[in-house]
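Chemist: Listed below are the residues making up each chain.
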Amino acid sequence: MEPQKIKLAVIEDLRDVALSLQTIINSQPDMECKHIYYNAEDAILFLPCHDADIVIVDIGLPRASGIEAIRTISDKCPNTQFCMFTVYEDDDKIYSSLEAGAKGYILKGASRDKILISVRELYEGGSPMSPTIARRIIDQLGDRPHAQVKKPLPVTERELELLTLLAQGLMYKEIADHMGITTGTVKQHIHKIYDKLQVSNRTEAINKFNGN
Amino acid sequence: MQQEDLTQIILVSFMMPVLLSALLIWFFISFQRRKYRYESEKKDAMLREQALVIQRQEAVQAERNRIAGEMHDELGSGLTLIKYLSDSIGARVTDSALQEDVGKIAGYSSGLVRNMSEIIWAMNSRFDNLEGLISYVRRFVSEYLDDRGIEHRFVCPEVPKDVTLTVEKRRNVFLVIKETIHNAVKYSGAEAFRVKVSFGDSLDFLIEELGGRGFDPADFKDKGNGLYNMQKRMELVGGSIRYERRPEAMCTHISLPLEKQPTGTLKTP
Amino acid sequence: MANYLKWIEIYHLIMISAWVVTLINRKKGDGIIRYFLVFLSVSLVFEMFVSYYFARVYKDNRLVLVFYATMCAAYYLYVLNEHFRTKPWATYFHVISGIWLILATFFLVGDIAKNTFDPLWYNLGMGLASILILKYFYDVVYVDEYRNVFREPKMYFFLGILIFFTSSFPLLIKIKFLSTYSQQIGSTFFGLMRAFGNIFLALGYLGAAICNRKI
Chain S
1 MEPQKIKLAV IEDLRDVALS LQTIINSQPD MECKHIYYNA EDAILFLPCH
51 DADIVIVDIG LPRASGIEAI RTISDKCPNT QFCMFTVYED DDKIYSSLEA
101 GAKGYILKGA SRDKILISVR ELYEGGSPMS PTIARRIIDQ LGDRPHAQVK
151 KPLPVTEREL ELLTLLAQGL MYKEIADHMG ITTGTVKQHI HKIYDKLQVS
201 NRTEAINKFN GN
Chain E
1 MQQEDLTQII LVSFMMPVLL SALLIWFFIS FQRRKYRYES EKKDAMLREQ
51 ALVIQRQEAV QAERNRIAGE MHDELGSGLT LIKYLSDSIG ARVTDSALQE
101 DVGKIAGYSS GLVRNMSEII WAMNSRFDNL EGLISYVRRF VSEYLDDRGI
151 EHRFVCPEVP KDVTLTVEKR RNVFLVIKET IHNAVKYSGA EAFRVKVSFG
201 DSLDFLIEEL GGRGFDPADF KDKGNGLYNM QKRMELVGGS IRYERRPEAM
251 CTHISLPLEK QPTGTLKTP
Chain X
1 MANYLKWIEI YHLIMISAWV VTLINRKKGD GIIRYFLVFL SVSLVFEMFV
51 SYYFARVYKD NRLVLVFYAT MCAAYYLYVL NEHFRTKPWA TYFHVISGIW
101 LILATFFLVG DIAKNTFDPL WYNLGMGLAS ILILKYFYDV VYVDEYRNVF
151 REPKMYFFLG ILIFFTSSFP LLIKIKFLST YSQQIGSTFF GLMRAFGNIF
201 LALGYLGAAI CNRKI
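Protein chains in written order, with this note's numbering: chain S, 1 to 212; chain E, 1 to 269; chain X, 1 to 215.
What the hints contain is simulated information worked out from the structure, not anything from laboratory work.
Predicted model only: the values in this text are computed from it and were never measured.
A virtual CB, placed ideally from N, CA and C, is assigned to each residue, including glycine.
There's no promise every hint is true.
Said to hold, decoys possible - Here are the simulated distance ranges between beta carbons:
no. : chain 1 : residue 1 : chain 2 : residue 2 : range
1   : E       : 175       : S       : 45        : 31 to 37 angstroms
2   : E       : 107       : S       : 78        : 39 to 45 angstroms
3   : X       : 34        : E       : 257       : 55 to 61 angstroms
4   : E       : 160       : S       : 160       : 15 to 21 angstroms
5   : S       : 76        : E       : 202       : 51 to 57 angstroms
6   : E       : 92        : S       : 62        : 24 to 30 angstroms
7   : S       : 178       : E       : 202       : 47 to 53 angstroms
8   : E       : 107       : S       : 196       : 34 to 40 angstroms
9   : S       : 42        : E       : 235       : 52 to 58 angstroms
10  : E       : 147       : S       : 45        : 38 to 44 angstroms
11  : S       : 28        : E       : 107       : 19 to 25 angstroms
12  : S       : 62        : E       : 88        : 44 to 50 angstroms
13  : S       : 205       : E       : 244       : 54 to 60 angstroms
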């Protein structure tokens with residue numbers, strides 16, 4: 001019996017991009033991508049039937065956006081991880097998708113190798129984070145005067161330190177040296193922070209809905 | 001008879017001042033009330049006007065963001081498509097010259113995407129501060145030099161909080177630093193970099209190139225107007241750039257005056 | 001000389017101050033009260049010299065005073081006419097003031113000829129002025145566009161007139177009676193009222209003079 005393959009799916013409206021991505025993924029012995037969805041509606045309908053470990057989602061889709069797709073599908077597929085496929089790292093939409101439940105992002109301009117590394121990292125429970133996102137999360141923690149008053153995230157002191165270093169523009173390697181951990185652990189911390197981001201956002205939405 | 005008259009007169013003499021006092025009290029109270037109402041109306045009108053101005057500014061900003069966002073999305077996905085298409089062409093053709101050309105197309109489109117993401121960063125008002133600039137520069141230096149396998153150190157003290165930097169300042173300073181490092185890597189074959197940041201009345205970047213021939217502005221004169229542009233950019237934001245040759249390193253000083261500003265935002269009287 | 005100094009009262013001094021301030025500010029003033037300096041000068045001459053002269057020489061200055069008082073009332077009405085000239089009823093007010101002036105002059109001449117004194121026409125003129133002054137205050141509070149009225153010379157001027165007329169009103173109604181009845185009361189209670197009214201009138205002038213400059 002061959003080892004378990006990472007099952008991927010792609011939601012991307014540009015056919016050529018989606019096919020290239022599928023080719024790159026399928027060229028790897030430990031990955032397979034059987035399904036491509038060209039819009040969010042198809043994905044919402046069919047994805048729950050096709051069990052996938054990781055779904056690579058383009059943010060800008062015709063009609064319903066990738067963020068909406070994640071919001072809908074993540075309820076039905078708790079074991080699926082979502083990874084945004086984006087042109088810009090500093091896009092505000094990435095933050096929204098992380099709040100919706102995405103656990104990472106891949107830059108469209110990234111090389112083939114970088115894409116594959118990102119996918120493996122995510123599968124092993126590690127996530128990337130840009131300084132922009134780190135800053136936004138710190139802003140939300142409320143230790144700044146102009147922060148929006150939201151429900152604060154329950155981040156630990158260690159996680160806060162990591163966020164601060166990230167926001168200062170340090171690389172994962174530098175942060176790992178600084179905190180005396182490995183790069184992998186840094187990325188796992190980030191993954192946990194994304195979990196909290198999603199939970200806090202959901203709690204807030206429910207509170208709002210209940211008029212609390 | 002006369003006695004009655006006198007009483008009447010004295011009564012009237014008292015009545016008149018009492019009436020007058022009542023009148024004056026009425027006048028002062030009513031006037032004060034009017035004054036208060038007038039002043040609160042004036043204040044309301046002023047606040048309304050301020051709110052209107054802010055609203056208008058925000059509307060302009062939002063519209064600008066929308067246009068920029070749509071343009072970037074459109075161009076970004078288009079350029080990505082070009083990259084992926086040229087990648088797949090590159091994988092299919094065997095002619096090495098053709099492969100190289102197709103690779104260039106992919107490289108250029110990736111470069112354009114990167115430039116646009118810099119513009120997005122500059123436009124985003126969330127980063128209108130010193131921390132935003134420093135972290136972006138730091139990130140750029142690390143990534144750029146890591147990709148080329150060049151040693152580097154970034155030395156930066158605690159960044160002062162809540163120092164606002166306008167779009168022009170952030171963008172121009174960033175581009176000048178980027179250009180400086182790019183030139184040093186390309187033309188002088190620097191082996192290592194040290195970037196030191198310091199804050200005082202001004203924001204100072206000291207970029208030291210270690211090893212290599214050292215970047216010489218003199219023999220750069222006839223190589224296009226890159227240097228002139230950098231000078232121009234710094235002047236535009238009231239800053240300066242100058243070069244200094246030290247025995248161990250070639251140094252570039254980039255300085256931008258910082259305005260001390262009150263931390264409060266909009267003040268309403 | 002000592003006699004003359006006894007003649008001088010506090011309100012005279014206040015009026016002199018008002019005159020001096022008006023004189024100093026005459027170039028700076030934006031002319032809210034017209035001919036105010038002329039009016040003050042004439043008033044001072046009457047108050048301090050003419051009426052003293054008559055009191056000394058003829059032992060009776062009532063006619064001088066009534067002439068002077070009528071002149072004052074006429075000036076007040078003139079200022080009010082100026083102030084209300086944009087109102088729709090301004091014409092009626094002009095006509096009424098004109099009729100009053102003619103009749104007051106006519107009866108005044110008659111009085112001088114008969115050597116009697118009747119304050120009726122003076123009271124009528126001042127009554128008219130008082131009503132218009134009340135209208136002025138009403139306008140300030142309810143009608144006009146808001147303005148800081150405490151910087152307006154007319155406010156002090158009118159206020160002084162109002163207080164003066166109110167305190168001297170009973171005195172003027174019964175002035176004949178007073179002069180025949182009791183010298184004592186005339187010099188204590190009514191004397192006090194008169195001094196009170198005059199001081200406020202002079203203070204009104206002073207206030208108007210101080211405010212009558214460009215701010």
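Chemist: Which numbered hints does this structure break?
Modeler: 1, 7, 12
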